[in-house]
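Colleague: Chains as they are written, first to last, in my numbering: chain A, 1 to 448; chain B, 1 to 365.
Bear in mind the hints are in silico, worked out from the structure with no lab data behind them.
Incorrect hints may have been included.
[Stated by the list, open to error] Heads up, simulated BS3-like pairs for lysine-lysine below, C-alpha to C-alpha not over 25 Å straight-line:
#	chain 1	residue 1	chain 2	residue 2
1	B	Lys-349	A	Lys-26
2	A	Lys-400	A	Lys-426
3	B	Lys-228	B	Lys-9
4	A	Lys-173	A	Lys-204
5	B	Lys-228	A	Lys-26
6	A	Lys-363	A	Lys-332
7	A	Lys-4	A	Lys-26
8	B	Lys-106	B	Lys-2
9	A	Lys-17	B	Lys-198
10	A	Lys-26	B	Lys-252
11	B	Lys-228	B	Lys-214
12	B	Lys-7	B	Lys-228
13	B	Lys-214	B	Lys-120
14	B	Lys-7	B	Lys-63
15	B	Lys-214	B	Lys-198
16	B	Lys-252	A	Lys-17
17	A	Lys-204	A	Lys-78
18	B	Lys-244	A	Lys-78
[Stated by the list, open to error] Here are some, though not all, of the chain A residues that point toward chain B, as calculated from beta-carbon distances under 10 Å:
#	residue
19	His-19
20	Val-20
21	Ser-21
22	Thr-24
23	Arg-27
24	Trp-28
25	Gln-52
26	Trp-54
27	Asn-58
28	Ala-61
29	Ala-62
30	Glu-64
31	Ser-81
[What the hints assert, rightly or not] Pulled from the structure, derived: some chain B residues nowhere near chain A, Cβ distances all over 12 Å:
#	residue
32	Ala-66
33	Thr-150
34	Thr-208
35	Asn-242
Beta carbons are placed, not taken as given, at the ideal position from N, Cα and C, and that holds for glycine.
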Amino acid sequence: MDEKCTQLWQKLSAALKPHVSADTFKRWFSAVELAGVTAKTLSFRVPNNIYQYWIESNHMAALEGAVLTALGEPREIKFISSETPVETNAAISAVKESESSRDAKPSSSFGLNPRNTFESFVIGPNNEIAHAASLAVAQAPARTYNPLFIYGGVGLGKTHLMQAIGQYVIAKKKNTKVIYLSSELFINEFIDAIQHNNLVKFRKRYRQADLLCIDDIQFLAGKERSQEEFFHTFNTLFDGHKQIVLSCDRPASEIANLEHRLVSRFEWGLTAELQPPAIETRLAILRKKARGMQIKLPDEIFEFLANRIRSNVRRLEGALMRVASFASLSGKELTREVIEHLLKDILQEEARTSITIEQIQRKVAEHFDVRLADMTSKRRPASIAFPRQVAMYLARELTKSSLNEIGDAFGGRDHGTVLHACKLVKRRMTEQDNIRQTISFIDSSLQR
Amino acid sequence: MKFSATKEKLLEGLQQVQNVVSTRTTLPILSNVLLQASDGAVHLTTTDLDVGVRGSFEADVEKEGATTLPARRLFNIVRELPASEIQIDVDGKNAASIRSGQSFFKILGLPEEEFPPLPKFEDAKVVTIRQKDLRDGLKKTSYAISTDETRYVLNGLLFSFKENKLTLVATDGRRLAMVDIELEIPRSQETDIIVPTKAVTELQRLLTDDGDVKVSVANGQIAFDLNKTLLVSKLIEGNYPNYKQVIPGEAKERVTLERETFLNSLRRVSLLASEKSNSIKLSFGKNNIDITANTPEVGEAKESLAVQYKGRDFSIAFNPEFMMAPLRNLTEDEVFLDLIDEMSPGVLKIQTPFLYVLMPMRISS
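Produce the entire structure from the sequences given, and follow the hints as far as they go.
Modeller: Dropping the structure here:
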C-alpha cells in the first residue's frame, strides 16, 4: 500500500466510522487495505472472500457514502481477495460492473453533458431573465419558480440552461435524484412500459424524481396518452414540491394539440424566453468559445462572424470551429475573402433566413425602377405587374412565408394570384435567358 | 425384463428418485429413470450429472433385466392407475407394457447402456452419522444458503468434519446459520466440503428418523448411503469463506423468547412491512418488546410481547423474513436472542450448539 493509498484510506476510514458500529469497523474494515485508485474505481484488498461478501451485502451503502464524503464523487468499488483466484474475481467484478452500470443509469447524472454549466453560459440581454431564473431554480429547487418553462428558437441555449440546472443541483447535493430527458424519450419509455406492462415501474421512476427536466416538450403535442401520463407525473411532482423544468421551441399556448390543462400548468410558474443574441453577446460567445478551444483569431474575424451569423448560437460555434480548424490545418492567413469562401453555405443559409418580403419588394422595385407602393397597389399595367410577380416569386423562394402571407404582403392578394405569379415567372425564366439572368442577379444581391 | 409390484411400492420408489430428473435437458437419457430388476427388487436410478439418486422397491421379478423409461411419464401413469397390482413387461427394444386391471399402456424407453453410471468411491473418506442428527442439522441451516449465483461457493452448505464434530454452515452474506453435530471423526478423515443446494434439498427428503447414514467423500464427489437409498453429488469447488469472522463478540443483552409466540407475532406484524424497506423494528423496554412495522401510505402494525428483560432500552430492526426463517425451522420451545447494539448483528441461539447471525437493518429516523 503506497503512501497515497494509505492517506486516502485514512480519510475514508474517518468518514466511515460514524456510519458503522465500532465492532463492525474493527471486525471488517480494520483488515481492509486500499490497493489501487484510478479515476473510476477503488480497489480494496481483503484478507479472504468472507470480507467481500459481508461488506458487499451489509456495509456497501456506508462504504459508498464514505467514498462520496472523502472524494466528493462516487467511485466503483472493487474487492481483491488474496484467496480467490484472479479470473473468478474478474468474473465477479464484471458481473458487478454490468449491474452497477445498469443501476447507475436511471439515477444521478444521466444524460447531462458536463460542458453545459452555468459558468460556460454567456449572458446577454437576450437571455438574462432565463439565466437568472434558471440559477434561482438551481439554487433553491421547487422553492422559487415551479415549473420553470424556458422557450426559444433552436440553438439559443435551452438545453444548456436545463443541463446546467441539473448539474448544479447534483453538485450541491449528491443524492438528489435528477432526471433529464427529452420528451421524445419520455414518450418512448411510456410506450415501452405499456407494451411490457410495467407502468408501475415507469411511474415510480419519474414520480420519485427531485428534479425533472424535460427537453423539447413540444413533441408531446398530439400524443394523448403520453400527455395524460405526463399530466399526472407533473401533478405528483408539483404537489410533492419537486422542481420541474421544461423547455420548448415556442410559448406553451402556441403548442398545437396540447391539452389545455397542460398548457395552463406550464404557464403556472415562470416562463422565460430566450431570444437570439445581440451582436455584443455573439462576440462574447465567440471569444469565450475560442478561449475554451484555445485558439487565437484576429478581432476582425470575430466581428465578421458575429455580424454575419445572427440566428443561432450553435451555428455560430460551428462557424468558429470551421474557421479555427481551417487556420490550423492549412496554415494560411485568414482574410475576409478566405473566410467568406470557407463559410459560403453557412452565410448563404443565414442570409436566406433573414430575408424579408419587404426587402425583396424594395430590391425588386429598385431594380425595375418602379415605386415601392406599386408592389402593393391594385394597378396592373405590365410594367408594374411583372416586377410584382417577380417579387412574389422571390418571396416564395427565399422566405418561408406561405402563399397567403405573401399575398397579404402584396396588398391583400389571393393565394391563387401568388401561385400564378410563381408559375409564370418560372416558365418565363426557362423561356427567356435575360429574365433568368435578371432574377438570379436580384436573388444574389438579396443574399449578400 | 418383467416384474409386478403393488402400486404403493412402485410409487414410493419413484417418488424417491424422480425429483432429480431434469425437465429441460439436451441429453434425453437424463430425463429417464434406470430400472434394474433382480432378486425380488427393482433398483431405480436417476441423475442430472450433478446429483444422482438410487433407490429400490420390492417386486415380484419374473425375468431379470434392465432398461430406462421416461421418469415423469412413468410416474404420472403409475399414479393414475386404478388397480393396486401393476405388471411391467419390457421387450428387447426397450418398449415397456404396463398392465393394471383394465388399463394398458405402452411407453418407449432407451437402452440401459446409455445411462451414465454413478461415480465410484475409491479411497474415500468415510464418516457415519445418525440420520436424525443430520436431518435436524440440515433443517436448521439449509434455509440460509445463498441463491446469488455470482457467489457460487455460497450456493451450498459447508460440511466441516473436524475435531470430532460435523459443523454445518450456510450464509448468504446477510445472515449465517451454523450447527455442530458431535461425531467421532478419526484425524485421517477430517475434511471441509461444500455440498450444493440441490443435493441438500434431496438429502432432506430422503433422510429418516432411524438408522445411520454413511458419508463418503472422494474426488470432488460425495455419497450419502442411507442403506436403502443412495445419494451422490458433485461438490462445489473452492474454499468456503472464513465464516467465523462473522460471529460477533460477547453479547451485551440477552432475551429469552418463546419461539412460537415470537414467530406468530412476527408473522402478524410483518404483514405491514413494506416490500421496499422490508424491516420490522424490535423495541426493547423493561420486560417488554414492542414489535412494530410501518409502511407509509399503507399503515402500521404493533404487537407487545412480555419477556424477561432487564437490559437497557433500545431498538433494532431486522428483515422479518430472515428473522422468521430460523424460528420456523427450529423445534425448541425457547430461543435466546443475543444483541450488542442497534448496529451490530443479532445472534439467535438455543440450548444445543446452534447459531444464527442476522445483520440488523438501518433504522430510518
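Colleague: Each hint should be assessed against the structure and marked as holding or not.
Modeller: How the hints compare with the structure:
no.: 1; hint: Lys-349/B with Lys-26/A; result: 24 Å, holds
no.: 2; hint: Lys-400/A with Lys-426/A; result: 18 Å, holds
no.: 3; hint: Lys-228/B with Lys-9/B; result: 13 Å, holds
no.: 4; hint: Lys-173/A with Lys-204/A; result: 21 Å, holds
no.: 5; hint: Lys-228/B with Lys-26/A; result: 51 Å, violated
no.: 6; hint: Lys-363/A with Lys-332/A; result: 37 Å, violated
no.: 7; hint: Lys-4/A with Lys-26/A; result: 22 Å, holds
no.: 8; hint: Lys-106/B with Lys-2/B; result: 14 Å, holds
no.: 9; hint: Lys-17/A with Lys-198/B; result: 41 Å, violated
no.: 10; hint: Lys-26/A with Lys-252/B; result: 17 Å, holds
no.: 11; hint: Lys-228/B with Lys-214/B; result: 11 Å, holds
no.: 12; hint: Lys-7/B with Lys-228/B; result: 19 Å, holds
no.: 13; hint: Lys-214/B with Lys-120/B; result: 15 Å, holds
no.: 14; hint: Lys-7/B with Lys-63/B; result: 19 Å, holds
no.: 15; hint: Lys-214/B with Lys-198/B; result: 19 Å, holds
no.: 16; hint: Lys-252/B with Lys-17/A; result: 21 Å, holds
no.: 17; hint: Lys-204/A with Lys-78/A; result: 30 Å, violated
no.: 18; hint: Lys-244/B with Lys-78/A; result: 23 Å, holds
no.: 19; hint: His-19; result: 9 Å, holds
no.: 20; hint: Val-20; result: 6 Å, holds
no.: 21; hint: Ser-21; result: 4 Å, holds
no.: 22; hint: Thr-24; result: 6 Å, holds
no.: 23; hint: Arg-27; result: 7 Å, holds
no.: 24; hint: Trp-28; result: 8 Å, holds
no.: 25; hint: Gln-52; result: 8 Å, holds
no.: 26; hint: Trp-54; result: 6 Å, holds
no.: 27; hint: Asn-58; result: 5 Å, holds
no.: 28; hint: Ala-61; result: 8 Å, holds
no.: 29; hint: Ala-62; result: 9 Å, holds
no.: 30; hint: Glu-64; result: 13 Å, violated
no.: 31; hint: Ser-81; result: 9 Å, holds
no.: 32; hint: Ala-66; result: 41 Å, holds
no.: 33; hint: Thr-150; result: 5 Å, violated
no.: 34; hint: Thr-208; result: 34 Å, holds
no.: 35; hint: Asn-242; result: 5 Å, violated
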